[in-house]
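Trainee: The primary structure of each chain is shown beneath.
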Amino acid sequence: MTINLKVWKQKNAKTSGSLETYKVDHVSPDMSFLEMFDVLNEKLVQENKEPIAFDHDCREGICGMCSMYINGQPHGPLEGVTTCQLHMRTFNDGDTIVVEPWRSKAFPVIKDLVVDRSAFDRIIASGGYVSVNTGNAQDANSLPIGKDKADMAFAAAACIGCGACVAACKNASAMLFVSAKVSQLALLPQGQPERESRALNMVAQMDAEGFGACTNTGACAAECPKEISLENIARLNREFLGASISSTGV
Amino acid sequence: MATIKLDAKVPEGPIGEKWTKYKSSVPLVNPANKRSLEIIVVGTGLAGASAAASLAEMGYKVKTFCFQDSPRRAHSIAAQGGINAAKNYQNDGDSTYRLFYDTIKGGDYRAREANVHRLAEVSANIIDQCVAQGVPFARDYGGMLRNRSFGGTQVQRTFYAAGQTGQQLLLGAYSALERQIGKGSVVNYSRHEMLDVVKIDGKARGIIARNLITGELERHFGHAVLLCTGGYGNVFYLSTNAMGSNVTAAWKAHKQGALFANPCFTQIHPTCIPVSGDHQSKLTLMSESLRNDGRIWVPKQKDDKRAANDIPEEERDYYLERRYPAFGNLVPRDIASRAAKERCDAGYGVGATKMAVYLDFKSNLINKYGRAEATKLGIENPDLDTLIRLGKEVVKEEYGNLFDMYKQITGEDPYEVPMMIYPAVHYTMGGVWVDYNLMTTVPGLYCLGEANFSDHGANRLGASALMQGLSDGYFVIPYTIGAYLSAEIKTKAIPTDHEAFVEAEKATRERIEKLLNIKGKQSPESFHKRLGKIMWEKCGMARNEKGLKEAIAEIQALKKEFWSDLRVLGDIDGFNPELDKAGRVADFIELGELMCIDALNRNESCGGHFREEYQEDGGEAMRDDENYMYVAAWEHKGESQWELHKEELKYENIKIAQRNYK
Amino acid sequence: MSWLTKTLTSSIGKKLLMALTGLFLCTFLIVHLIGNLQLFKNDGGYAFNNYAVFMTTFPLIKIVSYVNYALILFHAFWGLYITYKNRQARPVGYAVVKNSSNVFSRNMAVLGTILLVYLAVHMSDFWYKYHNEALPYVKYTEQISSGNIETTMMETGYTQEAKKVESLNEAAGTKTIIVKDLYSVVSFSFQNILLVLFYVLSMFAVAFHMFHGFQSAFQTLGWSHPKYTPLIKGIGVWVFAVLIPIGYAAMPLYFYFLK
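Sequence order for the protein chains is V, W and C. Under the numbering used here, the first sequence has 21 at position 21, and the numbering climbs by one with no breaks. Under the numbering used here, the second sequence has 300 at position 50, and the numbering climbs by one with no breaks. Under the numbering used here, the third sequence has 951 at position 39, and the numbering climbs by one with no breaks.
Rather than coming from a laboratory, the hints here were simulated on the basis of the structure. Treat each hint with caution, since some may be false.
What the hints assert, rightly or not - Below, a list of computed lysine to any residue pairs in the SDA-like style, where the Cα atoms sit at most 20 angstroms apart: (1) C:K1010 x V:N71; (2) W:K831 x W:T464; (3) V:K105 x C:P1003; (4) W:K273 x V:N136; (5) V:K147 x W:R398; (6) V:K14 x W:D823; (7) W:K831 x V:L40; (8) V:K23 x W:H529; (9) W:K311 x V:S131; (10) V:K49 x W:E763; (11) V:K23 x V:D93; (12) W:K612 x W:D567; (13) W:K831 x W:L819.
With the rest of the complex left out, here is chain V (with noise of 0.2 angstroms):
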């Protein structure tokens, strides 16, 4: 098949950029989609003309790297896939495909549709995990977690931080994230200890990142590719507002 694509190119963070059309040939059903931009940049690179920059790692769905809007939707028209996984046999031939970077104040852009996704990093070290040293465990089997509540924390824990959440909500927020991550913590007996402190922490440091605040419309849980459910975000609510009236801090 030929696909035409219009993408997005950006020199760097200080410069704006623009979107460029590109034709790709040949282009089989069975590639996936970033395949079809190693096609197309190795074209580019036998026209001495300077390869899309997009980033990528896994391909194979886990490691949160890729991070391509397509046609108005994160990660393309495919529910519960990130970019690697959508595979050309999803569009048709003489399509045209429209590819942009994430957009939030909080994820600039490095180059054309790579972002940097830094911020969410920053959030987690504000209090994403569970302060306890190598060495300091008792037997795992000393800490019984019901299936029910290992699950859902789990569900939770699939989060594969690559940011889709923030490019779909109209208000590039990221509760969806920082919810699936207090929400783990929250529902395991490991987490109750730094409970109230999480929730405050993460939230004033993902606030302090620029992103925006939720509104619930539900892009966010719609895109995810790991389907990372609303029922997060009403915890996260919870989680936050039950901290801000308990904790003894001031």
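Place chains W and C on chain V using the hints.
Mentor: Only chains W and C this time, still in chain V's reference frame:
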């Protein structure tokens, strides 16, 4: 230069007491001194993140480096099936010794006993640590941890979190690391690639790293440098590794004097999604855990064109169950891979390319899970549809994400038709040579996790890579690094304007400029593809003398072409993935040559290394313990020149035998 | 910053204020509707006009209604402020957007602004007139024994100090009250087709605003539960986005077509 003498520094004493004794006698660094000792950790996967977090918790000043945009992206994240630990929670006879034994045997008697025993000893602590961090392992209704089996074992000792165990473990280690970053005790440098080790007076004292966003070269000092940079499977171009996984850091260390051990020991994983075309950029693994419930078969009839579901039971050849009745579908990876290749080569392969075998869940889905669920629900004489429906629910819970992934990639629904699988490069047992302390032959330079060679011998058992990465990082290096750093407390931080740093940076810059200035016609990617093809065909699942010799010549020619016809577009002083790739491919080419040399040197078949000249009549690997029971550690002596050093392996606690999974 | 300001100015806190004020306004919607249902009574506005007096004189109600006005304004302007801040979180927009969220949820600020304009018109139509303009007065004479009420318009220019003048004629067995005739103002206003249309369309805005708003407030409060959330969503849709707007819209339509 003094000739290198390999000393594994294995402590004296009975195997079960070595580590305990070592821990209580290793020199310590007092808390005040730790604060003035700086450690560089390159790579933030399971080994790197766990090491950095643990060392920072102890009080050391740590810097971490990763080429990805976040430490959480390291490829450990993609590990699916599980992590082994000798907990014996299933009461099925597991023990530290049994894990030790299985690992040595699984590795075809080419691993160092003392290291493996230590690994088995700390395995249980890893699970405790991870659970304490909030890693959501699978649990039973009563709240206790669940286990499943992996290849090469007869107990259930694998802990897991659906098909995302690596992700959950890495996020645990990552959160521990981020906690230290938040405290300021670790400074993290993302999108940074290590491009050289800086040595001063023979000791590793820092690194040169390139900021991949600005292109700037940076100098970083450390009293010790830890390489936790993963394996080199991408030398084959197509592998289950991430696109960015590379050998560069390990290779730079190798060129600075760290010996590279057993490079030809590569693991070909039996259950991957087969290649679909030339455009393919990577291969996707289907976890070994699927072999718990999936049965592998091909048609009994050659070139059978019928659809899988149309082939009746009696016309199917469950060749693993037939050849290895004791372990059946759960034989180790090297054996399962070769058996698949053997069937396909003999003309029994399935699918469009005939280079695939079936992995079929139907019978267990119906008979094992469907029936169990029906009994649980009190359904008497359930019909087939009910059994399938009930079975599906259970299978979904155990492997749901893998099934979805398979469907996404191939467009076929594995609940309905059997999966098609074929072996693919997955893991590299070889790596930088390290002693018992995990120190390389360069003092102060350590190597952890998949990047080192130490624990898996010639073949790694499933669910052992996560175990090794975390064992090295959480429980080994925090002790063993004391042995070195306790003698370094008087060493003040060396300013990075020291001439060694200046020179290293200059050499790195020159190399980068050289890559950019060739201005030839071919992309880094195209060279990588060609290298991969040579490696897969001639140094892949089966090797022979003729092929290896050809490969060496071809690689040398490819290298020449690379350095004369490479085209790298983009700027030196900005974000430039082409340039990053070019540097990595250059190193892969050199490594590829060494792998072939090592494979050629090892005139035996063992584990993942199968030399066609050395096999028994039945096609089983023929090991040569007489002549090759050693670690082949290669010293870089100049372009295309290496000197072999041997570390003899002694087995005092295990009776060596031919691996028997029948 | 005290913990309270810190909480309330955080992104979640800001939304909490929207949720709490929003839910308060939801109760107002119910109360106001129930009160105004008296417009449908065929009693010449007796019940409705009395109700108007009660609402504007009973001290507690007065306090509540001023709180209500304040919260409406707060809810509106705070919402616009949040929207403005949220816009800043994405300085460069997308070329193509394919939304996977509900259209109302994305346009709460637009709907809210429509409602603010509506409220301004509505308040000036009735509330302002009732309080500040010379409204006609009406006299209701109730036959105590039978409960029959006789309605008499007071002559133009009539005015009185108190909102309600009540007198008892024991001999005649009648009770007389004189009040401002808001009912006829309403009735008169809704003879204007443009105003009727404006009111009805505004009720669509109410419906859409409530469609997202009601359940969203619970989500913001963190009250989410697999058992109860479907119920909340159901109430949000069927009560607040359907029943209540229909109830309100029925009033102008009733006067336009039936009176």
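Trainee: Each hint needs a verdict: does it hold in this structure or not?
Mentor: Structure-based check of each hint:
| no. | hint | in the structure |
| --- | --- | --- |
| 1 | C:K1010 x V:N71 | holds, 7 angstroms |
| 2 | W:K831 x W:T464 | holds, 16 angstroms |
| 3 | V:K105 x C:P1003 | holds, 6 angstroms |
| 4 | W:K273 x V:N136 | holds, 17 angstroms |
| 5 | V:K147 x W:R398 | holds, 16 angstroms |
| 6 | V:K14 x W:D823 | holds, 14 angstroms |
| 7 | W:K831 x V:L40 | holds, 16 angstroms |
| 8 | V:K23 x W:H529 | holds, 17 angstroms |
| 9 | W:K311 x V:S131 | holds, 18 angstroms |
| 10 | V:K49 x W:E763 | holds, 19 angstroms |
| 11 | V:K23 x V:D93 | holds, 12 angstroms |
| 12 | W:K612 x W:D567 | holds, 15 angstroms |
| 13 | W:K831 x W:L819 | holds, 11 angstroms |
Hint compliance for this structure: no hint is broken.
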